[in-house]
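Trainee: Spelled out, the chains give:
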Amino acid sequence: DSGVTQTPKHLITATGQRVTLRCSPRSGDLSVYWYQQSLDQGLQFLIQYYNGEERAKGNILERFSAQQFPDLHSELNLSSLELGDSALYFCASSAGQGYQPQHFGDGTRLSIL
Amino acid sequence: AQTVTQSQPEMSVQEAETVTLSCTYDTSESDYYLFWYKQPPSRQMILVIRQEAYKQQNATENRFSVNFQKAAKSFSLKISDSQLGDAAMYFCAYRSVNSGAGSYQLTFGKGTKLSVIP
Numbered sequence: 000d001s002g003v004t005q006t007p008k009h010l011i012t013a014t015g016q017r018v019t020l021r022c023s024p025r026s027g028d029l030s031v032y033w034y035q036q037s038l039d040q041g042l043q044f045l046i047q048y049y050n051g052e053e054r055a056k057g058n059i060l061e062r063f064s065a066q067q068f069p070d071l072h073s074e075l076n077l078s079s080l081e082l083g084d085s086a087l088y089f090c091a092s093s094a095g096q097g098y099q100p101q102h103f104g105d106g107t108r109l110s111i112l
Numbered sequence: 043a044q045t046v047t048q049s050q051p052e053m054s055v056q057e058a059e060t061v062t063l064s065c066t067y068d069t070s071e072s073d074y075y076l077f078w079y080k081q082p083p084s085r086q087m088i089l090v091i092r093q094e095a096y097k098q099q100n101a102t103e104n105r106f107s108v109n110f111q112k113a114a115k116s117f118s119l120k121i122s123d124s125q126l127g128d129a130a131m132y133f134c135a136y137r138s139v140n141s142g143a144g145s146y147q148l149t150f151g152k153g154t155k156l157s158v159i160p
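For the record, the sequence lines run as chains C and S. Residue numbering for the first sequence is 0 to 112, as defined by our numbering. Residue numbering for the second sequence is 43 to 160, as defined by our numbering.
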């Protein structure tokens, strides 16, 4: 058990809709990373937060946004969903700024119909 | 930007045999970290092994070892005495040592699906 909790595990929705994915990092970890895993693109880094502040942005679309709350959980918001957004979305956490993602959640499988 | 390439989308190995998964990367940096992750059907990413580029000695973790060739920018994973539980997707990943704004995100390859034949 990595200690990283992601909810929901599965999400099915339609094009044009908006969804929120939630991540609770491992206890004590301050940094949260979001990744998107799709068959054609592989694992793509989206965004990172550290102790509530955005640290880095990767290949995150403007339709996507994220935040990290004072209790350190994070949410990834995906809006105006398109078929191509169907993917596995991973959250990972690490203890501090100087670490790569250390603990991964089980991911949220998002299916767009 | 760094890139990581895994040229074998799928591989198979007989139980108890040895298999080697390939990974190459492109970078202009002299110091960095390389990783192999395992993703079983349960989906969770599990760190298998890690290598610091400044270390010449190849990393080893039980049945898992790497062949790190810095000049060739190659980082292969060898799994000895393969077990059924080794069946999974394996991802090679790169991390810079020095990163702006304190972010150390990983750059992943597209993965190799390993099947273990009983």
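Treat the hints with caution; some may be incorrect.
In the SDA-like style, the derived pairs of lysine to any residue whose C-alpha atoms are separated by at most 20 Å in a straight line are [to be verified]:
1. S:K152 <-> C:Q43
2. S:K155 <-> C:Q40
3. C:K56 <-> S:T45
4. C:K56 <-> C:F68
5. S:K155 <-> C:S37
6. S:K152 <-> S:M53
7. S:K152 <-> C:N58
8. S:K152 <-> C:G41
9. S:K155 <-> C:L87
10. S:K152 <-> C:D105
11. S:K112 <-> S:R92
12. S:K155 <-> C:D39
13. S:K112 <-> C:N58
14. S:K155 <-> C:S79
15. C:K56 <-> C:Q101
16. S:K120 <-> S:Q44
17. S:K152 <-> C:F68
18. C:K56 <-> S:Q44
19. S:K115 <-> S:I159
If you are wondering where the hints come from, they were derived from the structure by calculation, not from laboratory data.
Trainee: Which of the listed hints are not met by the structure?
Mentor: 13, 14, 16, 17, 19
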